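*Asks:* Each of the two chains sits in its own frame; use the hints to bring them together as a complex.
Protein chains in written order, with UniProt numbering: chain R, 1 to 183; chain L, 1 to 124.
Any given hint could turn out to be false.
[Claimed, not checked] Result set (DSS-like, lysine-lysine): computed pairs, CA atoms no more than 25 Å apart in a straight line: (1) L/K98 to R/K150; (2) L/K98 to L/K28; (3) L/K44 to L/K55; (4) L/K55 to R/K24.
[To be verified] Computed Cβ-Cβ distance ranges for the label pairs, DEER-style: (5) R/D155 to L/V102: 27 to 35 Å; (6) L/D59 to R/E89: 38 to 46 Å; (7) L/R118 to R/R80: 25 to 33 Å; (8) R/K87 to L/E9: 30 to 38 Å; (9) L/G108 to R/D30: 49 to 57 Å.
It is worth saying that the hints were derived from the structure and are not from the lab. Keep in mind that this is a model prediction, so the values were computed, not measured. Every residue, glycine too, gets a C-beta built ideally from N, C-alpha and C.
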Amino acid sequence: MRELSLHILDIVQNSIAADADLIKLIIREDIAKNLLIIVIEDNGKGIESEDISRVVDPFVTSRKTREVGLGLSLFREASRRSKGDMKIESEPGKGTRITAYFEYNNIDRVPLGDIVGTIVALITTNPEIDFIYRHVYEGREFVFSTEEIKAELGDVSINEYPVLNWIEKNLNEELRDLYGGDL
Amino acid sequence: MKSLEELRELRSKVQKDLEMRSNSERPKIIIGMGTCGIAAGARKILKAVMKEIDKRGLDVIVTQTGCIGMCEKEPLLDVKMPGKDRVTYGNLTPADVKMIIVEHVINGNVVEDLAIARFDEGGN
Numbered sequence: 001m002r003e004l005s006l007h008i009l010d011i012v013q014n015s016i017a018a019d020a021d022l023i024k025l026i027i028r029e030d031i032a033k034n035l036l037i038i039v040i041e042d043n044g045k046g047i048e049s050e051d052i053s054r055v056v057d058p059f060v061t062s063r064k065t066r067e068v069g070l071g072l073s074l075f076r077e078a079s080r081r082s083k084g085d086m087k088i089e090s091e092p093g094k095g096t097r098i099t100a101y102f103e104y105n106n107i108d109r110v111p112l113g114d115i116v117g118t119i120v121a122l123i124t125t126n127p128e129i130d131f132i133y134r135h136v137y138e139g140r141e142f143v144f145s146t147e148e149i150k151a152e153l154g155d156v157s158i159n160e161y162p163v164l165n166w167i168e169k170n171l172n173e174e175l176r177d178l179y180g181g182d183l
Numbered sequence: 001m002k003s004l005e006e007l008r009e010l011r012s013k014v015q016k017d018l019e020m021r022s023n024s025e026r027p028k029i030i031i032g033m034g035t036c037g038i039a040a041g042a043r044k045i046l047k048a049v050m051k052e053i054d055k056r057g058l059d060v061i062v063t064q065t066g067c068i069g070m071c072e073k074e075p076l077l078d079v080k081m082p083g084k085d086r087v088t089y090g091n092l093t094p095a096d097v098k099m100i101i102v103e104h105v106i107n108g109n110v111v112e113d114l115a116i117a118r119f120d121e122g123g124n
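With the rest of the complex left out, here is chain L (with noise of 0.2 Å):
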């Protein structure tokens, strides 16, 4: 392992940032992980969310699932926003992520043309 000064570096900017970061609940990308997933381009969709978080500085939790039984519409993204319904997309592109992360994650409004389903988890 190299540069383990960078990493401690590192470790006191964003320790910086994490103190102006809010306390309130941050907004969730969960990405469909099974197998289906996997070799429909889950890996390449995950990519596309983490580039596009990192180059407009959202506080986002991204996590995985495993496969949800909608294999045949993979690669699946689900968003949950704070106090809303959780929602997935699917038969996605890197190109389709932009457009969600930027209308739904940004602006709150949820892409209709590429949402697949809607779960009503009573705002949790």
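So here's chain R without its partners, still in its complex pose (with noise of 0.2 Å):
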């Protein structure tokens, strides 16, 4: 993958697949400790403790664990190569959370990408699952939910285009503040 916002679109499929209908993604840029954090928190159907290991082995994915995959393992391979690493913590019939590290100015991190895409494909085609998405970069933040948005649309669907687009227009308003005065 040649951007962290596609394995978070990877990732997220597991908790899709796992039957979650709620969906975090916390993103932290810590610049002064050089630390970049991924985490994404599902409330789908967890991983059992025996399998947890096994999950992020490409060699053992049998078809009892297809629904994990090659996913985890490139997303932990992403972390290690630029000094960080991933951790998983799973309570079956409550959800499971990755959370992966990665040192910021390493040149082997590969960059954030495309993550509005990433937010903005997963909402198309998932309007009935909820996700939040926090964003933090050196201690500013901003949240977005689409609780919060299917609550002001009430029975207005939220993959209508011009809801779409107006998401997507926001995000890249709130992204830009986020990081504004440092570009």
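*Replies:* As structure tokens, then:
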């Protein structure tokens, strides 16, 4: 994957396959500590503890754990390549949390890329799932929540094109403000 | 979250459009979003699909599926027209997406050069 946002799109697919209806994404950029942290948390069916070590190994993936596949091992590789690591916490019936750490300025760290494209793609194809996206940059932050948008929309679906276009525009503005002054 | 008023205005506009929409079955476009598909460019294809549908004001459902085992032909996209077979297209570029939407979704002709599989779903 050439962008971390593509890994995010991919890892969220596991949450969707695990029947989650609320998926949280946190991106934390802490330049002072030279750290980038990505957290993907869901309320899906979770992973049995004996399977947690298996899901990152591409060679033991069986039919039973097929919904996990290669994505997690690729994500872990991306973090380890940039002197970081990936952690999986899960409780059957409650959900799963994936945390990936990256050395911020590491030359082998792939860029974050089109994170807005990832969020919009997820909402377009999964209007029934709620997403919360929180982005922290140098102590500033913003939170985007589909629950909040759905409350405004009432009976209008969140994946109608005018709404998707609004979300895209809004997220781009939020990100620009978040990075504002530093770019 | 900013400009929620804008969203309220959008809501009433979309509601009016929805009233005009017919109740007949809508065409469906399904994007392959497995790890393989995403690595091969599925997000770019989805973006192209949305741009084209939005530009032409089409009433189409866009949805996703996981890996369907044709990874070497990723990125993949399926078109399911009401009452017709589901057709899978592969090795796609954003330019192909435009052709598929014009030829297949609007004109109803399968783009044979790009089609790699066809499933009989009994018109469902």
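*Asks:* Checked against the structure, which of the hints given earlier come out wrong?
*Replies:* Structure breaks hints 1, 4, 7, 8.
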